Amino acid sequence: MVSLRPAPKLPPTSTSPRLSLPKAPAGTVYRGHEGMWSWVLHRITGVGIFFFLLVHIMDTALVRVSPQAYDGVIAEYKNPIMGLGELALVAAIVFHAFNGLRIILIDFWSFGTKHQRGMFWAVIIAWLVVMAGFAPRQLITILEEFPR
Amino acid sequence: MATTLDAPRSRQAPTHPGRRFNVEKWGWIYMRVSGAVLVVLIFGHLFVNLVTGDGVRQIDFAFIAGKYANPFWMVYDTLLLWLALIHGSNGMRTIVNDYVVHATANRFTKYALIAATVLLLVLGTMVIWTFDPCPANGLAKNLPDFCKAVR
Ligand code: HEM
Ligand code: HEM
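Note that the protein sequences, when read in sequence, are chains A and B.
Just so we're aligned, residue 1 is where the first sequence starts under this note's numbering, counting upward by one.
Just so we're aligned, residue 1 is where the second sequence starts under this note's numbering, counting upward by one.
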C-alpha cells in the first residue's frame, strides 16, 4: 500500500485554510478524506464488477448450449432480489466509470490534480443524476415482478 | 504544503533501464485508454439491455438473436469483452500485488488470474462469432420468430 509519512507538526498558517492539519499523529492530508474514500470505493467496485463479469460471460455462453438452457437460467434471474442486485451492479459501475474519468483527468491535466477534491463531489453528483434516472426505471421492473 | 509523500510503490519492482518495453508503463496507459472507451461501451450496453423496451426482463435467447442478427453488436460485444476483461484482470493484478504478500501465493494467484482471463476471452469470443439464432436443438417457444421462415 501507499506509505505516507505523518504530517509534520506545523504552526497554523493562513495559506491553506482548507487543510487544517489534524492534531492526532495518525492524520495525513490523504487519510480519511475524499482522496482515500474515492480510492476505497474504486477498488471495491472494480473487484465486484470483475467477479460479475466472470459469471456474466459464462451465463451468456449458455446461448451456445441451447436456447432452453439460456432462457432457463435467465428465468432464475427474473425476481425482485436479482432486480435489486442489478440495480446495485449499475450503481457500482456508474461510480467506477465516473471516478475512473476523474482519475484520468487528475493524471493528464494540471487542473484535475488541483481540483481532485472538488471533482470527487462532481463524481458523486453525476452518479446521483444517472441513478435518479435509472433507479425508477429498474424499480418499475422490480415491482412488476412481485407475485400478485 | 510542507507534507511530503513517498512516491507510491517506488523501487519495489525491478526496473530495466535498457529495456524498450516497460510493462508497467503500458499497463498504466492501457487502464486509462480502455477505461475511457469502456465508459461508452458499457453505458451503451446497459442502456440497450436495461433501459429500452421492457428493460432487463426483455432479455432471453430471442432478444440476443435479434441483436446478433446485426454484425454491429457482434463487433461491439467483442470489443467490450476484450477491453473489460483485460482491464479488470490487470486491475486485479494490482490488487493481488498489494495484498498477497507471500511470494509463491502471489505468483499462483496471478497464474489463476491469467488462466481465467484467457479461458473466458476464448469462450466469449467463440460464443459471439459462432452464435446460431436457429439451432436444431431449439424448441419453437424459445426461438426468435424469424426461425419459422428458415425451417
Ligand atoms: C466504465 C469504465 C471504466 C473506467 C473509466 C475505468 C477506469 C479505471 C481506472 C482509471 C483505473 C485506475 C488504474 C490505476 O490506478 O492505475 C481502474 C482500476 C480498476 N478497474 Fe476500472 N474502469 C472501468 C471499468 C472497469 C470494469 C468493467 C472492471 C471490471 C471488469 C474494472 C475493474 C477495475 C479494477 C479491478 C481496477 C483496480 C483498482 C485498484 O487498483 O484499486 N473497471 N479503472
Ligand atoms: C445487469 C446488467 C447487465 C445485463 C442485464 C447484461 C446483459 C447482457 C446480455 C443480454 C448479453 C448478450 C448479448 C448482448 O445483449 O449484447 C450480454 C453480453 C455481454 N455483456 Fe452484459 N449485461 C449487463 C452488464 C454488463 C457489464 C457491467 C459488462 C462489462 C463489464 C458486460 C459485458 C458483457 C460482455 C463482454 C458480453 C458478451 C459476452 C460474450 O462474449 O458472449 N455486461 N450482456
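Think of the hints as simulated: they come from the structure by calculation, not from any bench.
Among the hints, erroneous ones may be present.
Result set (DMTMM-like, lysine to aspartate or glutamate): computed pairs, CA atoms no more than 20 Å apart in a straight line [as the list claims (entries may be wrong)]:
| hint | chain 1 | residue 1 | chain 2 | residue 2 |
| --- | --- | --- | --- | --- |
| 1 | B | K141 | A | E34 |
| 2 | B | K25 | A | D71 |
| 3 | A | K78 | B | D60 |
| 4 | A | K114 | A | E34 |
| 5 | B | K67 | A | D59 |
| 6 | B | K67 | A | E145 |
| 7 | A | K78 | B | D54 |
| 8 | B | K148 | A | D107 |
For clarity, every value in this text was computed on a predicted model and none was experimentally measured.
Hints, verified against the model:
1. K141/B with E34/A: Distance of about 52 Å is beyond 20 Å: violated.
2. K25/B with D71/A: violated (43 Å)
3. K78/A with D60/B: Answer holds: K78/A to D60/B is near 11 Å, not above 20 Å.
4. K114/A with E34/A: Given pair K114/A, E34/A holds - Cα atoms ~13 Å apart, limit 20 Å.
5. K67/B with D59/A: It holds: about 17 Å lies between the C-alpha atoms, which stays within 20 Å.
6. K67/B with E145/A: Cα-Cα ~25 Å, so violated.
7. K78/A with D54/B: holds (12 Å)
8. K148/B with D107/A: Cα-Cα ~55 Å, so violated.
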